[in-house]
Every structure is written in structure tokens, then in C-alpha cells.
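Undergrad: The task is simple: from the sequences and hints, build the whole structure.
These protein sequences, in sequence, are chains A and B.
At the far end of the first sequence sits residue 120, using my numbering, and the numbering has no gaps.
At the far end of the second sequence sits residue 167, using my numbering, and the numbering has no gaps.
Because the hints were derived from the structure by calculation, they are not lab data.
Some hints here could point you the wrong way.
What the hints assert, rightly or not - Lysine-lysine pairs mimicking DSS-like chemistry, simulated, CA-CA at most 30 Å apart: (1) Lys-69(A) / Lys-154(B); (2) Lys-61(A) / Lys-113(B); (3) Lys-166(B) / Lys-113(B); (4) Lys-73(A) / Lys-21(A); (5) Lys-91(B) / Lys-80(B); (6) Lys-61(A) / Lys-154(B); (7) Lys-75(A) / Lys-122(B); (8) Lys-75(A) / Lys-121(B); (9) Lys-75(A) / Lys-61(A); (10) Lys-61(A) / Lys-121(B); (11) Lys-61(A) / Lys-166(B).
Stated by the list, open to error - Just so you have them, the derived chain B footprint on chain A, three or more residues with Cβ under 8 Å: (12) 35 to 44; (13) 47 to 58.
As the structure is a prediction and not an experimental result, all values here were calculated from the model.
Glycine residues also receive a C-beta, built at the ideal position from the N, C-alpha and C atoms.
Chain by chain, the residues:
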Amino acid sequence: EAQVTQNPRYLITVTGKKLTVTCSQNMNHEYMSWYRQDPGLGLRQIYYSMNVEVTDKGDVPEGYKVSRKEKRNFPLILESPSPNQTSLYFCASSFGGAYSYNSPLHFGNGTRLTVT
Amino acid sequence: QQPVQSPQAVILREGEDAVINCSSSKALYSVHWYRQKHGEAPVFLMILLKGGEQKGHDKISASFNEKKQQSSLYLTASQLSYSGTYFCGTEFYGSSNTGKLIFGQGTTLQVKP
Chain A
5 EAQVTQNPRY
15 LITVTGKKLT
25 VTCSQNMNHE
35 YMSWYRQDPG
45 LGLRQIYYSM
55 NVEVTDKGDV
65 PEGYKVSRKE
75 KRNFPLILES
85 PSPNQTSLYF
95 CASSFGGAYS
105 YNSPLHFGNG
115 TRLTVT
Chain B
55 QQPVQSPQAV
65 ILREGEDAVI
75 NCSSSKALYS
85 VHWYRQKHGE
95 APVFLMILLK
105 GGEQKGHDKI
115 SASFNEKKQQ
125 SSLYLTASQL
135 SYSGTYFCGT
145 EFYGSSNTGK
155 LIFGQGTTLQ
165 VKP
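TA: As C-alpha cells, then:
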């Protein structure tokens, strides 16, 4: 089944403790992206990747890191999480690459992160 | 830079129509529309690429007015299954913005029996 898989679904952690949210897709998509969703603010883009080893900042990249060493994986890293990073996170992918505007995004099921 | 959606929320009875607007202050290259049901991931509805383009998907259709930098989503004869939050996602002209899909804040639609 074609899908985007995020893990974990729920995560509660403490301020400053490094964490990684994994994202994997099995559709051979070039484009992958991370979003955070907060009430009233919609989906805000954190980082995106047009292909392997190519990543770029979205609108809210502060406090996050990403890497794209393989086409299928795009982990989101929070080196020192803070309470203002408590949010619902979505990973998404599409065929696009340089033509991301022409391809629908497939979203993972989300990761609800709480930082205390 | 974030597109503005209106209205923020709408309540309908089954069979009624609704229009959701997505407006941008910058020239748009493309507009995506997605629907998200409570507790689930957003699901793709359609993409519009050209100014003036219109698309349909069952009883849901959309238009893209490039000059007005605006897209509208039309829900006709709404069904209970249409309930959810609708997001527009926009890409702007300019190579530095390619790949940056910026979403609006969402419009919550509730369809009642």
C-alpha cells in the first residue's frame, strides 16, 4: 500500500531532550516536506526537500533540523525541544521535485508532540 | 505571505451550497485544495495551475483567478461527508519560492442533517 509513515504517533518529552520524528514513504517520491499544525494557524511549512541531499527552509525552521540521505526517509530532528514546539506535525511527499506545484501531497498520519 | 481563507467557519444543512475563498497578496503559480477530517491527515482534492482554470471533483469544484490572485472552492448540494477543515495551499512565482507550498489557516465546514 502506498503510504507515508510517521513515527511515533504520540510523543511526550521534556525541554531540552533531543528527539527525532521519522518519516518514510514507499512511493519513490522526490519531494518531501514537514509541516506543523496549530489551532488557527493552519499548516506551516518547517523544511522541505526537493531530492536526496537537497533541503531548504520553510516558513518556521527555527529549532528544527532535517536530513535527506535516502530518497524514502526524511527525519525531523529537534535538538533541544521547547514548550513552544508542542504541536501536531505532518510529513508529506509528492512526485514533484522541481515540479512540486504539479503533484498532490500525500500526508502521513501525524505526530502529536508535547514538550513539558 | 500566508494566503487568507474566508470564511473561517461555515455551518450548512445537507443539500446547501458553500463557497470557500483563498486570497493571496502575491502572484500565484498554483493552488492546491485539501480537506482534513478531525483527527486525520489532510487529503488532496485538486490542484489548479493556470489562471482562469476550473476543475471539478464530484460535486466539489474550484476556480483560479490569476488576476485577482484568488481561488474559490465550491461545494454543491453538500453531504454530511463534506464536513471537515478545508485548506488551500499556494505556490508563488519566483524561483526562490519553488517547492514552498504555503497553506492558509483553514476553513471549518460543518454539515448538519
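Undergrad: Checking one constraint from the list: CA of Lys-61(A) to CA of Lys-166(B), max 30 Å. Satisfied?
TA: violated (41 Å)
Undergrad: Can you take a look at whether the stretch 47 to 58 of chain A is actually covered by chain B? Rule is 3+ residues, C-beta closer than 8 Å.
TA: Our answer is that it holds, as 5 residues pass the Cβ test (under 8 Å) against chain B, meeting three.
Undergrad: Is it true that the CA of Lys-75(A) sits at most 30 Å from the CA of Lys-61(A)?
TA: Within the cut-off at roughly 18 Å; holds.
Undergrad: Does Lys-80(B) sit within 30 Å of Lys-91(B), going by the straight-line distance between their CA atoms?
TA: holds (29 Å)
Undergrad: With a cut-off of 30 Å on the C-alpha distance, tell me whether Lys-61(A) and Lys-121(B) pass.
TA: holds (28 Å)
Undergrad: Between Lys-75(A) and Lys-122(B), does the CA-CA distance stay at or below 30 Å?
TA: Outside the cut-off at roughly 38 Å; violated.
Undergrad: Could you grab the alpha-carbon distance between Lys-61(A) and Lys-113(B) and see if it respects the 30 Å cut-off?
TA: violated (37 Å)
Undergrad: Going straight from one Cα to the other, do Lys-166(B) and Lys-113(B) come out at no more than 30 Å?
TA: holds (17 Å)
Undergrad: Tell me if the straight-line CA distance from Lys-75(A) to Lys-121(B) falls inside 30 Å.
TA: violated (37 Å)
Undergrad: Holds or violated: Lys-69(A) and Lys-154(B), Cα atoms, limit 30 Å.
TA: Holds. Lys-69(A) to Lys-154(B) sits at ~17 Å (cutoff 30 Å).
Undergrad: Within 30 Å, alpha carbon to alpha carbon, are Lys-61(A) and Lys-154(B)?
TA: holds (9 Å)
Undergrad: Cut-off 8 Å, C-beta pairs, minimum 3 residues; does the coverage of the stretch 35 to 44 of chain A by chain B stand?
TA: Per the Cβ count (4), the hint holds.
Consistency with the previously given hints fails for numbers 2, 7, 8, 11, ordered from lowest to highest.
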